[in-house]
Amino acid sequence: MFENLFGGFETDLFDQFRRLESEMGQLFGHSPWPAGIRAVQRGTFPPINVGATPERVDVYLFAAGLDPKKLDVSIQQNLLSLSGSRKIEANESAEYYRRERYDGDFRRVVTLPDDVDPERVEARYRDGVLQITIQRREAARPRQIAVS
Amino acid sequence: MTTNQDVATQESTGVEKRARERATALIPAVDIFEDAHQITVQAEMPGVSREKLNVQADRNELLLEGEMTIDMPEGMAALYADLQTTKYRRSFVLSGELETERIEASLKDGLLTVRIPKRVEFRTRKIKVNVP
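Read top to bottom, the protein sequences are chains A and B.
Residue numbering for the first sequence follows the numbering used here, beginning at 4 and increasing consecutively.
Residue numbering for the second sequence follows the numbering used here, beginning at 74 and increasing consecutively.
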């Protein structure tokens, strides 16, 4: 089940290219194929995954310890913007050995399929994952055509 | 001679196994800090619930492991994925002055906080300098 969203890239040839592109990007810092115009460099906070079914598109944003009140989710046509702020309160009396957690403002923009309905969006935050569900328009869904 | 070889083979497979595990798991970002009484590790493991979290400590090593539980509709296909696995794993070497049997861990909104107290005799004491 998880393979679909996290590793299910081998499902078709195009996706295989995308995976190769991402691996090449990791190895060489760039890839021979053009990247999406809104793509960000690897390791940008927060990481996101996007999954789709014929009925809906789900965007997952992985950000632990977020205050949902400081989160701004907006959608314009098929462009989803996610911005917010995560302030990490430093322990003044302590000595730090590692400071890897992202501290500050963030913003990510996701291009969704053209058939999403910006009027039907739901968002929830659980266990550090913000999940945004956007319904797709009926007309775009595949229909079974009966052959008589 | 043969014994040595056996040990060498075992070691290499152990290393390979660990390397594979590392390659297939996400490395959670951490903040680590120390005050007079304890060392605190804060690790980001979004998507991990209490039931899928494993925090383990022995004398030498602190192991943080978890697996995400993601709410996904049936038949979902990935359009884009920054994360390509659902497992987290990271470990740290501990040192002898830490009281590993009294480690406390808490998890809130995907943020794991582990507190490792220092043995009493190792806690920092302020030394008063007497000026005659």
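If you are wondering where the hints come from, they were derived from the structure by calculation, not from laboratory data.
Built from N, CA and C at the ideal position, the CB exists for glycine as well.
Some hints here could point you the wrong way.
Stated by the list, open to error - The calculated DSS-like cross-link candidates involving lysine-lysine, where the alpha carbons are at most 30 Å apart (straight line), are:
id, chain 1, residue 1, chain 2, residue 2
1, A, K73, A, K90
2, A, K72, B, K201
3, A, K72, A, K90
4, B, K201, A, K73
5, A, K90, B, K181
6, B, K160, A, K73
7, B, K160, A, K90
8, B, K191, A, K72
9, B, K181, B, K191
10, B, K191, B, K201
11, A, K72, B, K125
12, B, K201, B, K181
13, B, K201, A, K90
14, B, K191, A, K73
15, B, K201, B, K125
16, B, K125, B, K199
17, B, K125, B, K160
18, B, K199, A, K72
Stated by the list, open to error - Cβ-to-Cβ under 7 Å is the rule here; a few derived chain B residues that face chain A:
id, residue
19, A98
20, D108
21, L152
22, Y153
23, A154
24, V166
25, S168
26, G169
27, E170
28, A178
29, D182
30, P190
31, V193
32, P205
Hints and how they fare:
1. Of the supplied pair hints, the one linking A/K73 and A/K90 holds, its CA atoms being roughly 10 Å apart against a limit of 30 Å.
2. Restraint check: the Cα-Cα separation between A/K72 and B/K201 comes to about 47 Å, which exceeds 30 Å; the hinted pair is violated.
3. Annotation: proposed proximity of A/K72 to A/K90 holds, straight-line Cα distance about 13 Å (limit 30 Å).
4. Under the criterion of a C-alpha separation no larger than 30 Å, the hint pairing B/K201 with A/K73 is inconsistent with the structure, at around 45 Å.
5. At roughly 16 Å between alpha-carbon atoms, A/K90 and B/K181 fall within 30 Å of each other, so this suggested pair holds.
6. For a cut-off of 30 Å, the pair hint linking B/K160 to A/K73 stands: about 27 Å separates their Cα positions.
7. Distance check on the hinted pair: B/K160 and A/K90 sit about 26 Å apart at the alpha-carbon level, within 30 Å; holds.
8. Between B/K191 and A/K72, the direct Cα distance comes to roughly 37 Å. Violation of the 30 Å bound is thereby established for this hinted pair.
9. Only pairs whose Cα atoms come within 30 Å are accepted, and B/K181 paired with B/K191 is accepted, the gap being roughly 24 Å.
10. Using a Cα cut-off of 30 Å, the hinted pair B/K191 and B/K201 holds, with the two alpha carbons roughly 22 Å apart.
11. Between A/K72 and B/K125, the direct Cα distance comes to roughly 27 Å. Compliance with the 30 Å bound is thereby established for this hinted pair.
12. For the given pair, B/K201 sits about 40 Å from B/K181 by alpha-carbon distance, which is inconsistent with the 30 Å threshold.
13. A threshold of 30 Å between alpha carbons decides the hint, and for B/K201 with A/K90 the separation of about 36 Å lies outside it, so the pair is violated.
14. As the CA atoms of B/K191 and A/K73 are separated by approximately 36 Å, the hinted pair breaks the 30 Å bound.
15. A C-alpha spacing of about 48 Å is found between B/K201 and B/K125, which places the hinted pair above 30 Å, so the restraint is violated.
16. For the given pair, B/K125 sits about 41 Å from B/K199 by alpha-carbon distance, which is inconsistent with the 30 Å threshold.
17. For a cut-off of 30 Å, the pair hint linking B/K125 to B/K160 stands: about 10 Å separates their Cα positions.
18. Taking the CA atoms of B/K199 and A/K72, the gap is near 42 Å; set against the 30 Å cutoff, the hint is violated.
19. A least Cβ separation of about 12 Å between B/A98 and chain A goes past the 7 Å threshold, and the interface hint is therefore violated.
20. Given hint, B/D108 at the interface with chain A, holds; its Cβ is 4 Å from that chain's nearest Cβ, closer than 7 Å.
21. Interface restraint check: B/L152 against chain A, minimum CB-CB distance 4 Å, threshold 7 Å, status holds.
22. Against a cut-off of 7 Å between C-beta atoms, the interface hint on B/Y153 holds, since the closest Cβ of chain A lies about 4 Å away.
23. Checking B/A154 against chain A: minimum C-beta separation of about 5 Å stays under 7 Å; hint holds.
24. Checking B/V166 against chain A: minimum C-beta separation of about 12 Å lies over 7 Å; hint violated.
25. With a cut of 7 Å, the hint placing B/S168 at the interface with chain A is violated, because the nearest CB-to-CB distance is about 12 Å.
26. Taking 7 Å as the C-beta cut-off, the interface hint given for B/G169 is violated, the closest approach to chain A being about 17 Å.
27. With a least beta-carbon distance of about 15 Å to chain A, the hint placing B/E170 at the interface is violated under the 7 Å criterion.
28. Using the Cβ-Cβ criterion of 7 Å, the hint placing B/A178 at the interface with chain A is not satisfied: the shortest such distance is roughly 14 Å.
29. Hint status for B/D182 relative to chain A: holds, with the closest Cβ pair at about 5 Å, below 7 Å.
30. Taking 7 Å as the C-beta contact cut-off toward chain A, the hint placing B/P190 at the interface is violated, the least distance being around 14 Å.
31. Look at B/V193: its Cβ only gets to about 19 Å from chain A, farther than 7 Å, so that hint breaks.
32. Annotation: interface hint on B/P205 violated; nearest CB of chain A at approximately 31 Å, more than 7 Å.
Hints 2, 4, 8, 12, 13, 14, 15, 16, 18, 19, 24, 25, 26, 27, 28, 30, 31, 32 from the list above are not met by this structure, while the remaining hints are.
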